[in-house]
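Enquirer: Sequence:
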Amino acid sequence: YKIFTFIDDYCYNIEMTKQILIIKQDGDKEMFDASKLRNSLEHSGAGKDETEKVIKHIEKELKDGMTTSEIYRHAFKILKQFEKPIAARYSMKRALLALGPSGYPFEDFIAEIFRAKGYDVKVGEIIQGACVKHEVDIIAQKDGKKIGAEIKFHNELGNRSDIKVALYVHSRFEDIRKIKRENDSVLIDEDWIITNTKFTSDAIQYGNCVGMKMVSWNYPKQGNLRNLIDETGVHPVTALTVLSQEDKTRLIKNKIVLCRNIKKNREILISIGFDEKKIQNIMEESQSLCGL
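With full-length UniProt numbering applied, the sequence shown covers 1 to 292.
Hints in this document: simulated from the structure, not taken from any laboratory.
This structure is a prediction, so every number in the text was calculated from the model and none was measured.
Honestly, I wouldn't trust all of these hints.
[Claimed, not checked] Taking lysine-lysine and the DSSO-like style, the derived pairs with C-alpha atoms no more than 30 Å apart in a straight line are: (1) 133 - 84; (2) 93 - 80; (3) 77 - 117; (4) 278 - 264.
With the sequences and hints as input, model every part of the structure.
Expert: See the structure below:
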């Protein structure tokens with residue numbers, strides 16, 4: 001038995017030395033890199049044993065042309081069997097997509113992240129610029145600093161905020177800055193663009209050149225959206241693994257965007273039609289994920 005096990009493992013390891021080409025969300029192709037998957041799993045809180053079990057399973061399923069979405073689904077399914085909060089954290093990027101199709105719930109989510117960091121926040125303010133009026137998605141103020149943030153929501157991971165977005169947002173904030181306020185101050189000190197997916201490289205280059213803060217899921221290396229979620233503990237309700245997509249849609253329609261808002265809105269869960277067992281499962285996972 002030990003001899004056959006050794007042979008199986010040897011053949012498996014030889015097989016996995018082959019380079020497997022996978023397809024990313026934006027259609028680009030790259031070689032499968034187990035270290036990227038390992039980092040993502042460990043970041044989600046998976047232990048060493050769980051991480052290696054997932055990776056070994058994925059590597060056995062790998063084939064040329066496999067998509068990153070397929071890899072994600074395999075990993076997510078296995079993680080759910082280990083511990084649901086780990087699976088929820090692993091799915092966070094896709095949980096943000098589930099806040100759509102409109103971008104308003106994502107704006108509310110980002111506003112809560114700023115509030116968790118101690119900012120006074122206004123959402124959807126209309127501000128007069130030198131030339132025209134502008135609607136600013138978020139104005140966040142703390143310690144005398146005023147941040148104006150444009151929130152760009154995408155329904156698909158392959159969609160990116162490009163150079164046109166960066167040019168447009170910067171020009172709007174420049175128009176606002178031309179109007180002096182009391183004490184010769186400006187309303188916006190810092191320009192931000194925050195997106196749930198990625199920026200194109202030229203958008204980042206332009207943003208850095210003009211001093212505009214660019215925040216995406218994994219950019220910059222420190223202070224990106226993933227970091228902000230971890231730091232503040234603000235999680236979208238769509239991260240809960242016990243919810244179907246239909247459940248998530250109904251909760252968002254009832255203005256429940258945050259995981260931590262579940263506990264104080266039990267009556268909404270009842271009105272939506274969840275039975276007692278489902279409500280209990282939702283409450284338990286919310287407690288584990290969000291620390292309610």
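Enquirer: Mind checking the alpha carbons of residue 133 and residue 84 for me, to see if they're no more than 30 Å apart?
Expert: The given pair, whose Cα atoms are some 46 Å apart, is violated under the 30 Å limit.
Enquirer: Are the Cα atoms of residue 278 and residue 264 separated by 30 Å or less?
Expert: 16 Å, holds
Enquirer: Has the given pair, residue 93 with residue 80, been kept, meaning a C-alpha gap of at most 30 Å?
Expert: Holds, at about 16 Å.
Enquirer: Take the C-alpha atoms of residue 77 and residue 117, compute the straight-line distance between them, and say whether it is at most 30 Å.
Expert: Not OK: residue 77 and residue 117 at ~33 Å, beyond 30 Å, violated.
In terms of the numbered hints stated before, the structure departs from hints 1 and 3, listed from lowest to highest.
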